[in-house]
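Line by line, the protein sequences are chains A and B.
Going by the working numbering, the first sequence opens with residue 1, and the numbers climb by one from there.
Going by the working numbering, the second sequence opens with residue 1, and the numbers climb by one from there.
It is worth saying that the hints were derived from the structure and are not from the lab.
The reader is advised that the hints may include incorrect statements.
Said to hold, decoys possible - 20 Å max Cα-Cα, derived SDA-like pairs, lysine to any residue:
id: 1; chain 1: A; residue 1: Lys106; chain 2: B; residue 2: Val3
id: 2; chain 1: A; residue 1: Lys71; chain 2: A; residue 2: Ser12
id: 3; chain 1: A; residue 1: Lys68; chain 2: A; residue 2: Glu58
id: 4; chain 1: A; residue 1: Lys54; chain 2: B; residue 2: Pro108
id: 5; chain 1: A; residue 1: Lys106; chain 2: B; residue 2: Gly60
id: 6; chain 1: A; residue 1: Lys106; chain 2: B; residue 2: Lys65
id: 7; chain 1: A; residue 1: Lys106; chain 2: B; residue 2: Gln38
id: 8; chain 1: A; residue 1: Lys5; chain 2: B; residue 2: Pro108
id: 9; chain 1: A; residue 1: Lys106; chain 2: B; residue 2: Leu19
id: 10; chain 1: A; residue 1: Lys38; chain 2: B; residue 2: Lys65
id: 11; chain 1: A; residue 1: Lys38; chain 2: B; residue 2: Glu58
id: 12; chain 1: A; residue 1: Lys56; chain 2: B; residue 2: Glu103
id: 13; chain 1: A; residue 1: Lys38; chain 2: B; residue 2: Thr115
id: 14; chain 1: B; residue 1: Lys65; chain 2: B; residue 2: Thr115
id: 15; chain 1: A; residue 1: Lys106; chain 2: B; residue 2: Lys7
id: 16; chain 1: B; residue 1: Lys7; chain 2: A; residue 2: Leu47
id: 17; chain 1: A; residue 1: Lys5; chain 2: B; residue 2: Asp87
id: 18; chain 1: B; residue 1: Lys7; chain 2: A; residue 2: Thr45
id: 19; chain 1: A; residue 1: Lys106; chain 2: B; residue 2: Pro39
id: 20; chain 1: A; residue 1: Lys106; chain 2: A; residue 2: Leu47
id: 21; chain 1: A; residue 1: Lys38; chain 2: B; residue 2: Tyr105
id: 22; chain 1: A; residue 1: Lys38; chain 2: B; residue 2: Arg111
id: 23; chain 1: A; residue 1: Lys38; chain 2: B; residue 2: Gln38
id: 24; chain 1: B; residue 1: Lys7; chain 2: A; residue 2: Lys71
id: 25; chain 1: A; residue 1: Lys38; chain 2: B; residue 2: Val3
id: 26; chain 1: A; residue 1: Lys38; chain 2: B; residue 2: Ile90
id: 27; chain 1: A; residue 1: Lys106; chain 2: B; residue 2: Gln41
id: 28; chain 1: A; residue 1: Lys38; chain 2: B; residue 2: Thr44
id: 29; chain 1: A; residue 1: Lys106; chain 2: B; residue 2: Pro108
id: 30; chain 1: A; residue 1: Lys106; chain 2: B; residue 2: Glu103
id: 31; chain 1: A; residue 1: Lys38; chain 2: B; residue 2: Gly60
id: 32; chain 1: A; residue 1: Lys106; chain 2: B; residue 2: Gly16
Treat the numbers as computed from the prediction; the structure is a model and nothing was measured.
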Amino acid sequence: DQQVKQNSPSLSVQEGRISILNCDYTNSMFDYFLWYKKYPAEGPTFLISISSIKDKNEDGRFTVFLNKSAKHLSLHIVPSQPGDSAVYFCAASARSNSGYALNFGKGTSLLVTP
Amino acid sequence: SAVISQKPSRDICQRGTSLTIQCQVDSQVTMMFWYRQQPGQSLTLIATANQGSEATYESGFVIDKFPISRPNLTFSTLTVSNMSPEDSSIYLCSAARGTSGYEQYFGPGTRLTVT
Numbered sequence: 001d002q003q004v005k006q007n008s009p010s011l012s013v014q015e016g017r018i019s020i021l022n023c024d025y026t027n028s029m030f031d032y033f034l035w036y037k038k039y040p041a042e043g044p045t046f047l048i049s050i051s052s053i054k055d056k057n058e059d060g061r062f063t064v065f066l067n068k069s070a071k072h073l074s075l076h077i078v079p080s081q082p083g084d085s086a087v088y089f090c091a092a093s094a095r096s097n098s099g100y101a102l103n104f105g106k107g108t109s110l111l112v113t114p
Numbered sequence: 001s002a003v004i005s006q007k008p009s010r011d012i013c014q015r016g017t018s019l020t021i022q023c024q025v026d027s028q029v030t031m032m033f034w035y036r037q038q039p040g041q042s043l044t045l046i047a048t049a050n051q052g053s054e055a056t057y058e059s060g061f062v063i064d065k066f067p068i069s070r071p072n073l074t075f076s077t078l079t080v081s082n083m084s085p086e087d088s089s090i091y092l093c094s095a096a097r098g099t100s101g102y103e104q105y106f107g108p109g110t111r112l113t114v115t
């Protein structure tokens, strides 16, 4: 049962414009949300996170928004650069028997074109 | 952050054999985890590697199939036992500082193909 969903498998954006990647979740126990970026043949790299007590977190060109009532979060990249082209994974965390397991979405492949 | 390396980076194995994947972190970490990413799927947590005690497995994963060791705070191994083609995946190790495990840092992964 997929508890974290990224419904857009791919997204293409022009350089300089805004990229918006979306993520939905079903488990109301999730209390921490993260975005990871992954290049081919590399492991995921932590990008930005947000606690469930906040609705926005910003780090440079990256901003994550959380709408708890809608169980929805989004990652905004402004301005988008060709080096941002990668697969972006949304992840959510809630305490499990094993500690803080990360539940991942299937990823959205972002292509930023010059 | 933490720098994580995995060996091997990829392997092709025959059905029925076993493969042990090593994960090395460049500094001591509190928590280490093993994930699997099957083709076209998201990352799925296999287990939490506990230092000095048995790993804690997620639902659907068992110790006989995926034995895990963690002898110290910087090293862990995952063995994929009695492999079948369905075990063909990327296996990733991750680590987290502190006890929350929220922000995990990943190794480059091991691409396993079982023929």
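Each hint tested on the structure:
1. A:Lys106 - B:Val3: violated (24 Å)
2. A:Lys71 - A:Ser12: violated (25 Å)
3. A:Lys68 - A:Glu58: Cα-Cα ~17 Å, so holds.
4. A:Lys54 - B:Pro108: violated (31 Å)
5. A:Lys106 - B:Gly60: Satisfied, since the Cα-Cα distance of roughly 19 Å is no more than 20 Å.
6. A:Lys106 - B:Lys65: Status violated; Cα separation ~25 Å.
7. A:Lys106 - B:Gln38: The given pair, whose Cα atoms are some 10 Å apart, holds under the 20 Å limit.
8. A:Lys5 - B:Pro108: Answer violated: Lys5 (chain A) to Pro108 (chain B) is near 23 Å, above 20 Å.
9. A:Lys106 - B:Leu19: violated (26 Å)
10. A:Lys38 - B:Lys65: It is violated: about 28 Å lies between the C-alpha atoms, which goes past 20 Å.
11. A:Lys38 - B:Glu58: Judged against 20 Å, a Cα distance of about 24 Å means the pair is violated.
12. A:Lys56 - B:Glu103: Given pair Lys56 (chain A), Glu103 (chain B) holds - Cα atoms ~17 Å apart, limit 20 Å.
13. A:Lys38 - B:Thr115: Distance ~27 Å between Lys38 (chain A) and Thr115 (chain B) Cα, so the pair is violated.
14. B:Lys65 - B:Thr115: holds (17 Å)
15. A:Lys106 - B:Lys7: Violated, at about 25 Å.
16. B:Lys7 - A:Leu47: Violated, because 25 Å separates the two Cα atoms, which is more than 20 Å.
17. A:Lys5 - B:Asp87: violated (24 Å)
18. B:Lys7 - A:Thr45: holds (19 Å)
19. A:Lys106 - B:Pro39: holds (10 Å)
20. A:Lys106 - A:Leu47: holds (16 Å)
21. A:Lys38 - B:Tyr105: Satisfied, since the Cα-Cα distance of roughly 12 Å is no more than 20 Å.
22. A:Lys38 - B:Arg111: holds (15 Å)
23. A:Lys38 - B:Gln38: The given pair, whose Cα atoms are some 15 Å apart, holds under the 20 Å limit.
24. B:Lys7 - A:Lys71: violated (38 Å)
25. A:Lys38 - B:Val3: Holds, at about 15 Å.
26. A:Lys38 - B:Ile90: Given that 20 Å is the threshold and the Cα spacing comes to 13 Å, the pair holds.
27. A:Lys106 - B:Gln41: Between Lys106 (chain A) and Gln41 (chain B) the Cα gap is close to 6 Å, so the pair holds against 20 Å.
28. A:Lys38 - B:Thr44: holds (15 Å)
29. A:Lys106 - B:Pro108: Answer holds: Lys106 (chain A) to Pro108 (chain B) is near 18 Å, not above 20 Å.
30. A:Lys106 - B:Glu103: Holds - the C-alpha atoms of Glu103 (chain B) and Lys106 (chain A) are around 18 Å apart, at most 20 Å.
31. A:Lys38 - B:Gly60: Violated, at about 26 Å.
32. A:Lys106 - B:Gly16: Roughly 29 Å between the alpha carbons, so the hint for Lys106 (chain A) and Gly16 (chain B) is violated.
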